[in-house]
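2 protein chains.
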Amino acid sequence: MQEGRKRVIITNVTPQIEGGKYPARRAIGESITVTADIFGDGHDSVAASIVFKHENDQHWDEVAMQFLINDQWEATWRPEKLGFYEYRVTGWIDHYTTWKKGLVKKYEAGQDLAVELLIGVELLDEAGALASETDKPLFSQWAEQLKNEKNREAAVNLAISGSVAEAVGKIRFTNRITVFPTTFQLEIERKKAAYSTWYEFFPRSAAATPQTHGTFKDAERLLPRVAKMGFDTLYFPPIHPIGEMKRKGRNNTLTPAPTDPGSPWAIGNRLGGHKAVHPELGTIEDFEALVQAAKNLGIEIAMDIAYQCAPDHPYVKEHPQWFKWRPDGTVQYAENPPKRYEDILPFDFETKDWENLWNELKSVIDFWIEKGVKVFRIDNPHTKAFAFWEWMIGEVRRKNPEVLFLAEAFTRPRIMERLAKIGFNQSYTYFTWRNTKWELEQYMNELTKTDQQYYFRPNFWPNTPDILPHHLAEGGENAHIIRFLLAATLSSNYGMYGPVYEFGVNTPHPGKEEYTDNEKYEIKHWDWERYSRTAEIITRVNRIRRENTALQSTWNIDFAETDNDSIISFVKTDTETGNALLIAINLDVYNTQGAHIKVPVTKFGLDYHQSYRVSDMLSGEKYYWQGEYNYVQMNPYEMPGHILKIEPLN
Amino acid sequence: MQEGRKRVIITNVTPQIEGGKYPARRAIGESITVTADIFGDGHDSVAASIVFKHENDQHWDEVAMQFLINDQWEATWRPEKLGFYEYRVTGWIDHYTTWKKGLVKKYEAGQDLAVELLIGVELLDEAGALASETDKPLFSQWAEQLKNEKNREAAVNLAISGSVAEAVGKIRFTNRITVFPTTFQLEIERKKAAYSTWYEFFPRSAAATPQTHGTFKDAERLLPRVAKMGFDTLYFPPIHPIGEMKRKGRNNTLTPAPTDPGSPWAIGNRLGGHKAVHPELGTIEDFEALVQAAKNLGIEIAMDIAYQCAPDHPYVKEHPQWFKWRPDGTVQYAENPPKRYEDILPFDFETKDWENLWNELKSVIDFWIEKGVKVFRIDNPHTKAFAFWEWMIGEVRRKNPEVLFLAEAFTRPRIMERLAKIGFNQSYTYFTWRNTKWELEQYMNELTKTDQQYYFRPNFWPNTPDILPHHLAEGGENAHIIRFLLAATLSSNYGMYGPVYEFGVNTPHPGKEEYTDNEKYEIKHWDWERYSRTAEIITRVNRIRRENTALQSTWNIDFAETDNDSIISFVKTDTETGNALLIAINLDVYNTQGAHIKVPVTKFGLDYHQSYRVSDMLSGEKYYWQGEYNYVQMNPYEMPGHILKIEPLN
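Chains as they are written, first to last, in my numbering: chain A, 1 to 650; chain B, 1 to 650.
Among the clues, some could well be false.
In this list, chains with the same sequence are indistinguishable; a pair is considered to hold if it fits within one copy or across any two.
[What the hints assert, rightly or not] Pairs of lysine-lysine, DSBU-like flavour, derived with a Cα cap of 30 Å: (1) K246 / K105; (2) K21 / K449; (3) K512 / K105; (4) K81 / K362; (5) K53 / K21; (6) K246 / K136; (7) K147 / K352; (8) K106 / K352; (9) K362 / K105; (10) K101 / K512; (11) K352 / K136; (12) K106 / K246; (13) K170 / K352.
Everything labelled a hint here was simulated from the structure, so no lab data went into it.
Just chain A, same shape as in the assembly (with noise of 0.2 Å):
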């Protein structure tokens, strides 16, 4: 029979992805707390701690849990060190504290402890037995003493003093001790996980001169403005060459006039594929300058990975097992109803040939990771096979755990949440939709207070090439704010198709909830120099997020009743650096809106009629608040919104 003498049970342990199959994911700076059911049987007291280390270490350390309620227990630790961590739940009957709680008992009902203090003195035996050679001695004498003890209040004293209790609490009896079975996963990613700002631009636009092919120079010369904004990330559509074959006209018809240049996502031709650049953007050397550029500005390049072909893509011809061809010799086009992309033929994740194909997938990022890439931004993940991705997010980041991934899938909830399980550090949400108070606040409630908040980290885009909103194409200048702010504030990750969003520009195509003329079919050209109230709100935004730790974790979000359900409000708070903020949003895009709002005043330390002092990072206006219900007003036409810092007066 196994050992049967193991009394304490473990269950329920969260998190728990999977089963345990997959970590957990915490950036560099976040604390990760455990919790679990222990408990034995009888009345004995239970004691219980998290055993972990680094995959890399060989130590383990340990955390005890302390005990909540209804026999549930908690530990929270900050690993420090990148990558896997290891960690156990253990628990066990705790003897000595269980004889110390009776032995307390007695003494306050004046009862005989002659036994009692025998017990100890057996106690203290068996644990010393157990301890260091240093420690040895000390247990002896504690057991001597309360052998000898003739003071009962001394006796009492000494068993209960923290130096015995930390002394025995370090021995272990290991035949006694439950270890849950499952050895959990903890990934620890670095902090641009957690907190980023992206801005997307395509770079064939960013020439200095209309009518003429942007560069990675071009792009180059942008940088500063994307650094004087407060962007940490820029992201590229796909710079590799673009398709001949099937090439996509403007307003994505198929009749292409011969200057059209293509959508970047139909890859590859015969002058490369996806390790190659396309030529008219410059070499590869350029964009590797542009890395290197923007590095010392403090932005990240994120490079696209489309996986999938024009028909002329070398692929095709080098390895046709790779494709799914049909009895008529063709592939059928790829497609993400209700969207079609006649420009371009998917793989074929079933081919016989799948080892050489994942193989190739993957050494396409490790290409890029050497030309310094380290944050690459996955198209439509969904359309192809879960095991490829978690086999190949799982080879890049074992050897290079710096590297981030962030998934562009905009599809059903289970099939986004596998894809973050799977290894994804970063995803596009439903934030795009999501516009009413309810609405935000259940969402956000969804992605923080459930389980997602271990594997799936959103990244909140109010636009991207493929998809303008109705409530932005309606909105105007005033809806681009809103919705920015609240990307901005609601989650620490969030980026926008930027060019279109700064300027306003929101012309649906007809019956779409695209932009018509889309740069995705065409090349633009920006005036980076013209004042918009959006892009200015913006970088004073960036400026308070920067800032304010708060808003660098989407995890602390707190929403505070309002009585209007045009005003949504929150608390972000920061319990490690004490900063906290209270943010209140008008979404009505064309009307002034007020609200008393209930500030829970205790996040921000405050008694609950207590006065103080309010001051708005985005206005630099200061107002004196007092208790719980304060009133808020916003006109959308001059700043749709508030972030607050509270500090007590007196």
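Once you have looked at the hints, place chain B on chain A.
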């Protein structure tokens, strides 16, 4: 690398008890529904099934899963054999269905089908290659037909025909099938696990004349009465020799009179222990005769197993190592705070000799199984090691799957859940203390709508020899009837400590939730012929339970809204037999109460405005109702409940 072409993901399988370590449980006649989230990448059709078999069978059966919503699938089946089943959840990309859907779409859009039909031929050839020798010609024939088909409509009709779909649906492309890594277990219990009606009395109080120690023969004389009242399980407190050392006196005193019989839970004296019977009750042969006589009347004898010893139990001398001796040569008596059992020594489950202890304790069960006992009520299982129960019950039930264990654990929720997970077939519950409508609804939903429904079978007891709840002590006969009605209709398993309940004995021991002059410590004499309204209603309701299968399950409850918190109402439905009941109970012990009930008419197969006849099986009265909202009124001094059958009119 592992096979990379399994494109389907299976996750969130329910039920899943401790990740599949423990079986879900169902009784013969009950069906099991398994759900899982199942999806693939991209937009291909998915199919899924459960494969299952009894552990003693060779052949795996298969049941197709049906798509629900949001990537969730489910399958339901009804296992027919006692014991353990295994099942696996499987899913795969269904290329034939994908193709069929595309074909139909193209056909409806009037597009050319030539290439599509050739793809269909390929799919049929591929499937045919894996078909049975008998089926192979069919596939060739269909492929040929498709190839030569000039008539588009006929081709589409062939493609979507049921016979082709069915034949293709049977083919399994093993290297593309995802099998969820855990093989789950399902334990099928006999019907009594799900539906049982318990009566408890002390055989020593069964003598025909007062002041006489009752015997098994006396108990046998009472069997027809028990059967007539509709009980199918007769449970006795322990029947073993009662300790003479430290024996308790009347009312739990430590100073017994020489004639005091002691508590039957203080087991063992010089005459024997757990495998002996108390001589004044008779012999083991008498007991066996009683078991047989009961069986002839459809009654099973449930035996109380209390793993503990009076100080003069033979184990104490024979196996001193099974007890925890203190430095003064004593063993600390058992406790279940705040109760103290000064007449009882607990076993030490941390003894080095634990294997022999476990084997001996199991042999007690084996001993009584051999004497004909198949139902064991286990005393305070939460004060003995979980690992022991898991092992012992597992061993016993693998050999004797008809044996049932009821856990008498009134303790913390996680502990009660755990005991159920590791093997107990039924459990005492918090029902004893749930009185208000909100409490009862909330508790029933916890038991029946959460994962608990898969492993925790409630057995509702309004009282026990240890517990006289305040509401019974204060509420008199009406309270007894109301609490009985709740127990017997909310839960398909219920029991009562009978004589006091029937005859309304309800004087509390001062300051305690216990009976005074408790039968645990003295011999009683009951006038079994005495009429009581409670007994009459018990008899009536037990008959209604026998005749209505809806009352023989606990999982089939749905509460109905009422506009009066004193009236609780619910529907019980057996979808298999169509039996459905509407129940309403007045929770007010003193006053007539009325309420509008929102009848869930659709559960009775009624339209929203249809008229129907309502027959009360308790009173025999009939009412004519219409639509959803209907009025009931109940006087607790007459009949505080309705058990209603509903028949549509016209």
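Checklist line | Structure versus earlier hints, numbers of those that do not hold, lowest first | finding: 6, 9
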